[in-house]
Amino acid sequence: MNSVEINNLSLKYKGTDFKAIDNLSLTVQKGEVLGLLGPNGAGKTSLISILTGLIKPDQGSVVIEGIATIKDIRKIQSLIGVVPQEYALYPKLTAKENLFFFGSMYGVKNPELKQRINDGIAKMGLEKFANKQIETFSGGMKRRINLLAGVLHNPKVIFLDEPTVGVDVQSKVVIIDYLKQMNEAGTTIIYSSHLLHEAQSFCTRVAIIDHGKIQIEGPTHEVLISDGRVKSLEEIFIENTGKRVKEYV
Amino acid sequence: MYKIYHAILKELRLLRRDLLGFAIIFLMPVVLIITITFIQDSVENNSAQMQLPVLLVNLDNGDLSKKVIDNLEIKNSIKIISEIEGQPLSEDVGKKMIKKGTQKVLIVIPEEFSSFIQNQTEQHVNQLMSTVVPDMELKEELEEDNALSKVVQLHFDPAISGKVKSNIKNAIESMITDLETKAIYETFEKELDADLSFLTEKKIITFKEYSVSVNNEYIEPTAVQHNLPAWTLFAIFFIVIPLSINIVKEKNQGTFIRLKTLPVSSFHLMLSKIIVYLIVCMIQFYLMLMVSIFLFPNIGLPALDIEGKLIGLTVVAFFSGLAAIGFGVLIGTFAKTHEQAAPFGATSVVILAAIGGLWFPVFAMPETMQMIAKISPMNWALEGFYNVLLRDADFISLAPYLLLLLTFFIINITIAVAHEKKIDQL
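Heads up: the sequence lines are chains E and R, in that order. Sequential numbering of the first sequence, starting at 12, is according to this note's numbering. Sequential numbering of the second sequence, starting at -6, is according to this note's numbering.
Note that these hints are calculated values from the structure, not bench results. Wrong hints could be hidden among the right ones.
Below, in silico cross-link-like pairs of lysine to aspartate or glutamate (EDC-like), each with a Cα-Cα straight-line distance of 16 Å or less [unchecked claim]:
hint, chain 1, residue 1, chain 2, residue 2
1, R, 97, R, 85
2, E, 67, R, 85
3, E, 103, R, 243
4, R, 97, R, 115
5, R, 244, E, 250
6, R, 242, E, 83
7, E, 103, R, 11
Note that the coordinates shown come from a computational prediction; the quantities given were computed from them, not determined experimentally.
Modelling step: build the complete structure from the supplied sequences, incorporating the hints.
Here it is as C-alpha cells:
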C-alpha cells in the first residue's frame, strides 16, 4: 500500500530558470525507509519542503496516506512528523518544555503526552537533562531532542533532513536505533542524508537525485548491484551524479 | 483552545526566561513616568517662583520710563538688574553680556522716551479734539528721525527659548500699551479740564479660567493627569520592540520551519503572541496606575485620581495595546534580522509619539502635521485617555477612537498574515 505518491512534481524558484525539482515522480510504500540521496543543491530539501507543506510546487501532485496535499494540508501535517536539519527548538526552554509545546501543537494531550515525553527522553538517554535549557545542550543532545519533537504524535510518515549530521557516534546510534524501532512499529520514513554508509545500512529503499530528477531509485539491495556486481552506495552515487564538485547558487 | 493555551504557555515561559528583558519591560515605564512627572511637576511649581534676570538700561529721565521699570519690578517672574558691581549698567556692557550668554535679556529704554510718548499722545488728542472743537490750534508733528529713535530695544541671548522671548515681548508690549492709554486719558483730562480717572480705575472686561466640570465640581488637571496618558502610551507602544524581536528570533531559528509544518495555522500562533503581549501591556498600564496613585503622594507628587474612571481607562489601554501589538507583529513579520527590527521599532515609536502629540500639543503643530496627527494611532489613544481622564467623556464619545485603534490593529495583522502567506508561496 502506498504511503507517499509523488506525481510529475516540478518547482522553479521565483525569478530564476533554475529547476529545483524537474517532473519528479516517486512512490513510497507503507513501512519503507526511503533514503533521499544527492549532492548539494540536487533538490532533496526542496522535495522534502514540498512534501511537508512548507512550499507549494509549480506543477504536479503529492498524496500522503491517501490525502492530496492540495486538498487538506492541515490533516496531512497531523499525520506526518518533520525533523529539520536545523535545531528546531527554543534554546531558552528546557527539553521537556520544548517537547510539551511541540507535542501539544500536534494535539497530543496529557497524560498521554507526558508519558510519551518521559519515554522518549529515557530512550534518548537524556533523563538527567530533561529540565535543562536547550542552549546548554551539546550538538548530539540537541539532535536527539530535535528528533523527539517531530515524532511525539506517533506520525504515520516521518521526514528527516540530515538527522545525524555533525553528531558523535553514540548519538548517531541512539537516533538510528530509535528510528528503526519506529519503522518496525509501521512508520514510513523518508530520510535525506549525505552519510552514504548510514543510508546503505538503514534504508530499505534509496533514490539518488540530481538536477531535480531521480537518477536511480529502487530497493537498496537492487540499487547496489551494477555491472553484475555488488557495489558500495558511494560508488553508485558517483556513477549517477559524477565526480565533479557541484556548486549551485 | 488547547493548542492556543500551550502556545501562550510557551510565550510566557520565553518571557520569563529573559529576566533582564522582563524587568526592562515592566520597570522602565515606571521609571519613565516617575522621572518625567517629577521633572514636569518641579518645573511647573518652580516656574511660579522662578525669577528671570533682565538687564535694564534706562536712558530716559522721564516719569513714564520709571513707571515701566516699576511695573516690571512688580512682576514676580522678572528680576531687574540695572547696576553691575555698584555701577549703572551701560548699553555696551549689557550688549556684551548678552552676546557672551552670561545674561539672557536686555531692555534698553531710549532717551526722551517719556517726553516722546507724552508729545505723541498730546498730538493725537489734539488732532482728535480739533475735529470737534473748531479753530483749535494744531501742535507741530515730530520729525521722523526723532520718532524712530524712540524704539525700546529688546536684546535676547540666542539660546533663550522662543516661548520665554515671546512672554517678555508680550509683557512689555502690554505694559507700554497701558502707559499709552493712561497718557491719552491724562491728556484728555488736561484738554477738557475734567476728572476722567474713573475710566482707568476699573477694567471693563475681566476673565476667569474654568476647567471641565465633573459632577458640578471644577477640577484643575495636575501634571500627573497630563503625563500619565502620554507616558503610558509611550510605554505600551514600546512593546513593539520586544515583540518584533521575538518574531524575528523565531524566524531565524530552526523553530520557524517546524512551526510551519505543524497542523496549526499561523494566525493561531500569532494569536498566542497577541494575547501574551496584550497581558504584558495591561500589566504595564496597571503598574503605572498604581505608581501614580500610591507611590506619587509619598514622593511629593500629586496623586492620580481615577475615581469612576478605571473602566474607561482600562478600555482605552486595552485598545491601545492592541494597536501597538498589531504594529509590532507587522514589523516582526517584515524584518529579516534583529538589527532591522529593533532600531526601526524604536524609531518608529518615537516618531509616532511626536506625531501623535505626546510631546508637543497637536494644535501647536503646522497644518500638515495636524492632518498627519489625525491618522496617528498614538493620537487616537491619547485623545481617548484625555476624554476619560480630563474631559469626563461618555462611552459614545470614546467609541470612534476605540474603533480607529481596533481598525489599525486589524489592518496590521491582516497585512502580516498576508505577507506570511506570500512567503509560503515562495
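Ascending list of hint numbers which this structure does not respect: 2, 4, 5 and 6
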